[in-house]
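Visitor: The numbers in this note's numbering rise by one with no breaks, and the one at position 43 of the sequence shown is 1443.
Read the hints as simulated data drawn from the structure, not as lab findings.
One or more hints might be untrue.
[As the list claims (entries may be wrong)] Distance windows between CB atoms, simulated:
(1) Gly1447 to Asn1424: 29 to 35 Å
(2) Ser1460 to Ala1421: 34 to 40 Å
(3) Glu1468 to Trp1434: 43 to 49 Å
(4) Val1444 to Ala1421: 37 to 43 Å
(5) Arg1446 to Leu1412: 31 to 37 Å
(6) Arg1467 to Asp1423: 45 to 51 Å
(7) Ala1421 to Tyr1465: 51 to 57 Å
(8) Gly1462 to Lys1436: 19 to 25 Å
(9) Gln1411 to Arg1467: 20 to 26 Å
Positions of the beta carbon are idealized from the N, C-alpha and C atoms, including for glycine.
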Amino acid sequence: MKNITFSADEQLIEAAREQAAADNSTLNEQFRRWLKDYASKRRVARGLDVIDRLHGYVDSGGRRYTREERNERR
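Sequences are here, hints too, so could you generate the full structure?
Guide: Here it is, written out as structure tokens:
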């Protein structure tokens, strides 16, 4: 794992450490979770863009399918 250094207000860091301890965690663990979530947002956004582009290729011609037609196995 790579080490990184950040600068932040001492009181903010201490409050974050206390909150992490209250959650039976560490500030490092909480930061890793946040970083993972933050990084995954970009992947999710790209996936949604692909889905939006694919919608342009799908066209039913305005026809509405019945439940049986939608569930039909081919």
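Visitor: Return holds or violated for the Cβ distance of Arg1467 and Asp1423 against the range 45 to 51 Å.
Guide: Taking Cβ atoms as reference, Arg1467 and Asp1423 lie about 46 Å apart, which means the hint holds.
Visitor: Take the C-beta atom of Gly1462 and the C-beta atom of Lys1436, compute their distance, and say whether it sits inside 19 to 25 Å.
Guide: 43 Å, violated
Visitor: Quick check on a hinted range of 31 to 37 Å for Arg1446 and Leu1412, using CB atoms only.
Guide: 32 Å, holds
Visitor: Does the Cβ-Cβ separation between Gly1447 and Asn1424 fall within 29 to 35 Å?
Guide: Since Gly1447 and Asn1424 have Cβ atoms about 33 Å apart, the given range 29 to 35 Å holds.
Visitor: Is the hinted range of 37 to 43 Å satisfied by the C-beta distance from Val1444 to Ala1421?
Guide: At roughly 31 Å between Cβ atoms, Ala1421 and Val1444 fall outside 37 to 43 Å, so the hint is violated.
Visitor: Can the suggested window of 43 to 49 Å be confirmed for the beta-carbon pair Glu1468 and Trp1434?
Guide: 47 Å, holds
Visitor: For the range 51 to 57 Å, tell me whether the beta carbons of Ala1421 and Tyr1465 fit it or not.
Guide: 56 Å, holds
Visitor: Taking 34 to 40 Å as the hint, is the beta-carbon distance of Ser1460 and Ala1421 inside that range?
Guide: Violated - the Cβ-Cβ distance for Ser1460 and Ala1421, about 56 Å, lies outside 34 to 40 Å.
Visitor: Between the beta carbons of Gln1411 and Arg1467, is the distance compatible with 20 to 26 Å?
Guide: Given a distance of about 60 Å, which is not inside 20 to 26 Å, the answer is violated.
Checked against the numbered hints above, the structure breaks hints 2, 4, 8, 9 and satisfies the rest.
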